[in-house]
Each structure stands twice: as structure tokens, then as C-alpha cells.
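Visitor: Sequences are here, hints too, so could you generate the full structure?
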Amino acid sequence: MSAYLVSMATYAGFFMILALALNLQWGLTGMVNFGIAGFYALGAYTSGLLSAKAGWPLGLSIPMAIAAGFAAGGLVALLSMRLREDFLAIVTLGVGEVIRLIVLNEDQITEGPRGLRIEAQPFQSLMAPENYPVFYLGFVAFFVAITYWICERIRKAPMGRTLRAIREDDVVAGVLGKNVFRHRIQIFAIGGGFMGLAGALYAHYSQNISPEVFMPTVAMFIWMSVIVGGAGNNRGLLIGAGTVIMFLEGTRFFGDVLPWLDAETMSSVRIITIGLLLIVTLRLRPRGLLPEPKFTYTRDKIAG
Amino acid sequence: MNLQIFVNALVNAALIAPPAMAFSLLFGVLKFPNFAIGGYITLGAFAAYTFNVPLGLPLPLATLGAMLFTGFVVWLAHVWVFKPMQDQSAVTLLVVSIALTLILESVVRLFFSADVRGFDIPLERPWKFWGARITREQVEIIACAVVLATGLHVLLRHTRIGRAMRAVADNPMLAAIRGVDAAKITALTTVLCGAIFGLTGVFAGLDLVIEPLVGWNLTIPIFAAAILGGIGSPYGAILGALLLGLAEELTILVLPSTYKIAVGFVIIAIFLLLRPQGLFGTAEIKK
Chain A
1 MSAYLVSMAT
11 YAGFFMILAL
21 ALNLQWGLTG
31 MVNFGIAGFY
41 ALGAYTSGLL
51 SAKAGWPLGL
61 SIPMAIAAGF
71 AAGGLVALLS
81 MRLREDFLAI
91 VTLGVGEVIR
101 LIVLNEDQIT
111 EGPRGLRIEA
121 QPFQSLMAPE
131 NYPVFYLGFV
141 AFFVAITYWI
151 CERIRKAPMG
161 RTLRAIREDD
171 VVAGVLGKNV
181 FRHRIQIFAI
191 GGGFMGLAGA
201 LYAHYSQNIS
211 PEVFMPTVAM
221 FIWMSVIVGG
231 AGNNRGLLIG
241 AGTVIMFLEG
251 TRFFGDVLPW
261 LDAETMSSVR
271 IITIGLLLIV
281 TLRLRPRGLL
291 PEPKFTYTRD
301 KIAG
Chain B
1 MNLQIFVNAL
11 VNAALIAPPA
21 MAFSLLFGVL
31 KFPNFAIGGY
41 ITLGAFAAYT
51 FNVPLGLPLP
61 LATLGAMLFT
71 GFVVWLAHVW
81 VFKPMQDQSA
91 VTLLVVSIAL
101 TLILESVVRL
111 FFSADVRGFD
121 IPLERPWKFW
131 GARITREQVE
141 IIACAVVLAT
151 GLHVLLRHTR
161 IGRAMRAVAD
171 NPMLAAIRGV
181 DAAKITALTT
191 VLCGAIFGLT
201 GVFAGLDLVI
211 EPLVGWNLTI
221 PIFAAAILGG
231 IGSPYGAILG
241 ALLLGLAEEL
251 TILVLPSTYK
261 IAVGFVIIAI
271 FLLLRPQGLF
281 GTAEIKK
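Those protein sequence lines, which keep their order, are chains A and B.
Each residue of the first sequence is one higher than the last, beginning at 1 in our numbering.
Each residue of the second sequence is one higher than the last, beginning at 1 in our numbering.
Hints should not be assumed to be uniformly reliable.
[Claimed, not checked] Derived DSBU-like pairs: lysine-lysine, alpha-carbon spacing no greater than 35 Å straight-line:
1) B:K31 <-> A:K294
2) A:K156 <-> A:K294
3) B:K260 <-> A:K53
4) B:K184 <-> B:K31
5) A:K178 <-> B:K31
6) A:K178 <-> A:K156
7) B:K83 <-> A:K294
8) B:K260 <-> B:K128
9) B:K184 <-> B:K260
10) A:K156 <-> B:K31
11) B:K31 <-> B:K260
12) B:K83 <-> B:K31
13) A:K178 <-> A:K294
Think of the hints as simulated: they come from the structure by calculation, not from any bench.
On a predicted model such as this, the values are computed, not experimentally measured, just so you know.
Guide: As C-alpha cells, then:
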């Protein structure tokens, strides 16, 4: 039971990093990304393949996963220059699916549906195996904290104001002399880097990655986390990601309480519950659980 | 061999064109890309299956029942989910519509499990001509699609209701000023589109199989066809469906068939970048 809670919290950590990244791209800057699963897969397979097949140390392979996500994010951001946001949604969804299809089909490299086995785990040799899950939870929590800190810094910095301006009206931001194009590419790349990081952390945690993990539903759950938590509010979406994971994983406990439900029924009930969670939240609290705070120009805010 | 490619493309197009037209219509009225169509199509397929196999109704009657049922569900979804949220951004609504597809799909899974099913129809040998094969059901699908497209054309161009639909899609406020009851027309459009998605579910069940993912697998080709033809242009959607069907069949010649779904996405991406208004859409100034 407690081992299960630790693993649930670790998964919540991956979701939180992904949700923070999406909030940076969409909540703050207004750029839609439905290809989250693709960036997640890119990070997982970059670090996984480099360590399992090329024998790179994790100290190099995990940064490479971040770099891969960063580069892919920058490239996808180029698309955002010409596309309306709802069309960008479809194109980014396509990018995610194409990445998954490549992983699935190029199985002589990625092992495809058989799954890629990854032995290496960070700081594995330093502790007893029974303590390792708790350590890894701390390891993930450390990266969640760093991601949160960077995202909050960006939000509060003058750059954050520019990004909100781009979100609200990119033409006005451009007229005011802000380089909209550069900001968009930067933010999409940074978000992509975080998603790559989440993927690498996941890969070395589960030690076995296969394409079915990176279905578009992952993107869906992250979007739900951000919308339920409150777009634009980093603290809100940490709560959102926690809630989504709780509904997604915690409902497994119903199986212990209601033993007559078989696994397939349970998974259907789980998905229905999580879908209803989104709809009910939006009906009752249209701006999410913790809405983005209104920006007020008080004296100490300007100073600090 | 070569003729077979065109036959397959034609069947594919007949399957995709009607829902692409409905998607276009729905987009015009509701102003967001509705991913819930996957769930609606699945629902239509399973409703027809329920009427046809366990209840023993003949297929045409079961199809009609499925169309009415899906029309009703799409209207309910509009009233309970999308209408109260109309102030949300298009992207939020898009996420909600994906959630709705997941819910509908899971409800179907809950009642029917993930088994693959088929309608209660006699198996027949496909017809052969000049080396190509086509089944009776495929011919019926193509015929129905042609009738449906013509019917929609007449409805949109030559009836009061159709004119009102186009007016609401174009400019709801202006339509309201001219005495069109926009809320009623919107509700009517959702029912009409719902019925078309139900019919697509039946077609998909005839040509492919009946399983919970049948709608989701069609969603991207439908989007691609609608975007290719110019979103909001129902006629473009037909041509879009034909081109997409052809492109999908042709890629199978060079790429493994598992990449088929990627073709839809790549076409969407290229088209949106080079010609965002589609083949027949009118250019609009945006951003």
C-alpha cells in the first residue's frame, strides 16, 4: 500500500513537470501544444537509448533528453507563426502521433512494441534496493521544485509580462516593440526541454518503455491538469496534476473495496470519472480551481 | 491492381466525406474543432449494432434508429456541456470535446467490452471487374454518400432552414437581427450533424469493424478532409475526402501501412502552412 502511494506520488511528479511545461507554453504565452506525449516519448527514448544501447552515463544521457526536447520544441514553435490556435492543436497532436509511430515502427532501434529495457538508474549503487523508490520520489520532487522555480521566475520577470501580452494580443505586443517570434520560440523550446526531462525521469524509473505509454491520452491528462488547476497559475496546476493522478491511479483502490468489478470495467469507470471531473470543474469553476491571479500594479509588486 | 487503389480511395472517401461535411457545418456554428465526433461515431455504430443484432431489426431500420439516437445524444451534449461553456476559449472546448469522446468510448466499453463485432448481414462474394474487387456494402456506402451529399447541398442552398444555418454560421448576430432564431438553428444543426455521425458509425461498422476505437481512428482523416477542403466549406470536404483517400492508399505502396494515420497529419500540416484557408475556403485575416 505505501509502496503504491510512493509510486503514485512519483507519477504525479512526472505529470507536474509536464503540466508546468504546458502552462509555460499555453497558460502563460497562449501557444497550444497537444503533442506533449511526443515530447515525453522523445525524452524517454533519447535518454533510454543513449544509456541502454550506446552505454552513455546518465549524467550525459538525461541532459541530452532535455536538449532533444528543447530542439524539437523550437522547431514546432516555427509552425505557430502561421497557424490559428485550434489548427496548431491538430498539427501538434500530429507531431506527437508521428513521433509515437516512428518509435513503434522503427523497432530495430527502439525495440518497438516489445518495449525498451533500460538498466541504468541514477545513484543506483549508493543505496539498498528497498529504499530506492523513496529516493527516486525525492529525486523527482527535486526536479519538480527546480521546474516550478524556473517557471515562477519566468512568470514574475519582465519577460512574464511580455509573454502575457503576447497571449492576450500578439499584434499589440509586436507594436510595442517586443520580438514576438523570438519569445514564442524560446518558451516553446524551454517547455519542450522540461517535457524531455520528464520523459527521461520516467524512462529510468519504469526501466521499460514502450510506445503504448505515449498515446495522445497523456496529452489529454496534462491538459486536464492545467485546465482543472487553473491555467496560468503554477500552484493551481500542481494541485490539478495531483488531482488527475489521484483520480487516475487512486480509483484503482476501488478494486479492493468493490471486488466484483473486473479490470476492464474499472479502467472504463476510471476514464469516465476523469472526463466528468473536467466537465464538472469547468461548469462550477470556469477558470479552474485556482485561477490565475489578476495582475495588479501595486508599488511593492513593481519593486519586488 | 492500380484500379483497386482507386476503388479503395473512393470507398474511403465515401466513408469520410459525409462526417467531414457535418464537421464543417458544426464548426461553422459552434466555432471550435469538435473532437467529440469520434465518440459520436462509435456510439452510432454500437447503437445500430444493438438494434440490429440483439434486437433483430433489419439493418436499414437499425440505421435509422442509430441516426435518431446519435442526433439526440449530440443535442444533449450541446445543451449540457458545450452551450454552458460557450465563453471558454476554443482550445478549452477542444479539450472538453476530447474528454467527451473518452467518456462515450468508455461507456461503450463498459456495456459492450472491447470485442470486435459485426452486423448481422449475409456474407457475399465481392464483385470483380477489371481485376478490382468491391463488396456490395461498399457500393451501398458510396451510393448513400452521394445521396447524402446531394441532399445536404439542396438543404443548404435551396431551403429556408439551410439558408438560416449558413447565416448563423456566417454571423450569428446579424442572423439574429434578421429574425433567425440562432439558438434553434444551432440545436437543429447539432441534431442533423449527429444523425450524419450515426450513419458514419454504421458505414464504418459495415466496411471496417465495430469496436470502441472505430470513431477515434476515423477522427483524424475526417479532420484532414475538412481542413483540406477548407473548413466551413462542406463541398470542399468532399474533394478533401477524395484526395485524402487517394493519398492514404498511395502511401501504402511506399511506406508500411502502420504509417497510414500519419499521412492525415502530414497533409493537415502541409496544407495549413501553405494554404491555411484550404482548397475552397475564403482567406480570412487572422493574427
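Visitor: Can you name, in rising order, the numbers of the hints this structure does not satisfy?
Guide: Hint check: 9 fails alone, others pass.
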